[in-house]
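Student: Turn these sequences into a full structure, and let the hints steer you where they fit.
Going line by line, the protein sequences match chains P and G.
18 is the number of the first residue of the first sequence in the numbering used here; add one for each residue after it.
410 is the number of the first residue of the second sequence in the numbering used here; add one for each residue after it.
Take these hints with a grain of salt, some might be off.
Stated by the list, open to error - Computed from the model, here is a short list of chain G residues facing chain P with C-beta under 8 Å:
#1 S413
#2 W430
#3 I465
#4 P467
#5 T504
#6 A506
#7 S510
#8 F550
As the list claims (entries may be wrong) - For each label pair, taking beta carbons as the anchor points, the in silico distance ranges come out as:
#9 K40/P - S445/G: 40 to 46 Å
#10 W176/P - H448/G: 16 to 22 Å
#11 P119/P - L540/G: 39 to 45 Å
#12 L59/P - S413/G: 36 to 42 Å
#13 S445/G - A147/P: 34 to 40 Å
Hints were generated in silico from the structure; no laboratory data involved.
All values reported here derive from a predicted model rather than from experimental measurement.
Where is the CB? At the ideal position from N, CA and C, for every residue including glycine.
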Amino acid sequence: MDPGIWYRQRLSMEIEVKPFNPKASILRIREGIRQGVLLVALGVLIGAGFNGVRPSGLPWVGAWSPSLITSQYLQGLREITVEEAWSLHKTGQALFLDARDPMTFHEGHLPGALNIPPEEAATYAEEVQALAEAGMQVIAYCDGVDCPLSPELAHVLQWHGVPSVRVLVNGWSRWREAGFPVDRREE
Amino acid sequence: MMKSRFIGWCLSPVLSVLFRWFLGVIFLYAGLIKASDPHGFAHSIYDYRLLLGWMINPMAILMPWVEILVGISLLLGILTQGAALVGSGLMAVFTGALGISLARGLAIACGCFSTSSTAEPATWLNLLENLVLLGMGVHVFLFDQGLFRVSRLIRK
Numbered sequence: 018m019d020p021g022i023w024y025r026q027r028l029s030m031e032i033e034v035k036p037f038n039p040k041a042s043i044l045r046i047r048e049g050i051r052q053g054v055l056l057v058a059l060g061v062l063i064g065a066g067f068n069g070v071r072p073s074g075l076p077w078v079g080a081w082s083p084s085l086i087t088s089q090y091l092q093g094l095r096e097i098t099v100e101e102a103w104s105l106h107k108t109g110q111a112l113f114l115d116a117r118d119p120m121t122f123h124e125g126h127l128p129g130a131l132n133i134p135p136e137e138a139a140t141y142a143e144e145v146q147a148l149a150e151a152g153m154q155v156i157a158y159c160d161g162v163d164c165p166l167s168p169e170l171a172h173v174l175q176w177h178g179v180p181s182v183r184v185l186v187n188g189w190s191r192w193r194e195a196g197f198p199v200d201r202r203e204e
Numbered sequence: 410m411m412k413s414r415f416i417g418w419c420l421s422p423v424l425s426v427l428f429r430w431f432l433g434v435i436f437l438y439a440g441l442i443k444a445s446d447p448h449g450f451a452h453s454i455y456d457y458r459l460l461l462g463w464m465i466n467p468m469a470i471l472m473p474w475v476e477i478l479v480g481i482s483l484l485l486g487i488l489t490q491g492a493a494l495v496g497s498g499l500m501a502v503f504t505g506a507l508g509i510s511l512a513r514g515l516a517i518a519c520g521c522f523s524t525s526s527t528a529e530p531a532t533w534l535n536l537l538e539n540l541v542l543l544g545m546g547v548h549v550f551l552f553d554q555g556l557f558r559v560s561r562l563i564r565k
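Tutor: What follows is the structure, given as structure tokens:
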């Protein structure tokens with residue numbers, strides 16, 4: 018049989034345009050809930066089983082606190098305090114790298130900061146390395162106690178050979194809280 | 410006339426099948442990505458700051474597999490109504506969580522199709538995408554009539 022005719026026949030057989038029927042809707046909802054419960058239960062069983070046997074399984078109870086997350090991010094990196102960063106900035110030795118997205122950066126950033134989101138770090142690594150070797154202290158920052166962007170940026174830059182990148186944790190908020198000047202977008 | 414034809418087309422089970430397959434692929438893909446990196450997914454959940462600490466890991470362990478099963482069910486047309494209902498429920502939860510985060514101004518990665526915390530921050534466009542997917546899920550739940558269901562195809 019011509020596949021086109023077969024297809025049209027199938028469609029005409031299968032499609033039944035039914036008027037709205039409250040009883041049928043209730044049945045549909047009931048059936049949906051029954052099937053849904055079955056699917057979720059099956060998913061829970063498979064997920065739990067798979068997590069139990071896989072070598073990289075996740076513990077059922079995890080420690081999730083901002084300080085712990087930050088310490089995980091900062092492994093292999095050196096932190097810098099906001100006061101140290103300020104005194105380096107005053108002597109013109111600080112190179113601030115803002116790891117946040119460009120839109121947030123343009124709203125306001127630390128004085129003279131360059132906007133380098135982690136995914137663009139490799140592109141700018143050579144330039145940053147030249148400045149670091151000329152005596153500038155590279156300081157990466159983003160916003161939030163457990164913001165992963167600046168540690169990620171610092172890791173990538175160090176991997177590309179930039180010496181001693183330091184991280185100003187929760188930099189944007191702490192810098193403003195300390196009352197130090199910022200560069201803001203001119204309206 | 411035109412209006413009733415348009416409404417008929419919108420409520421058509423054929424459209425429902427297309428939505429079912431599309432959602433099936435989306436859920437299967439998203440679930441596999443999350444299941445392959447539970448640590449990353451747990452971190453994505455944590456970034457939303459909506460759940461208590463003890464809820465994060467169980468959610469990261471179990472939810473991807475529910476998504477995978479929903480995806481397979483929708484693709485094959487098995488337990489379709491349940492899959493559409495659970496899928497729509499998941500989309501509603503994701504949309505709500507994303508909306509709250511955007512309203513709070515959190516610049517976090519969506520975690521929808523990637524488990525990297527440093528991926529591009531979620532935008533209102535992601536929220537719109539989620540709403541469209543939610544609409545598709547509701548459509549499948551309400552109007553699917555088992556067209557191209559694997560069990561039927563095998564029987565015939």
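Student: Could you work out which earlier hints the structure fails to respect and list their numbers in ascending sequence?
Tutor: 1, 2, 5, 6, 7, 11
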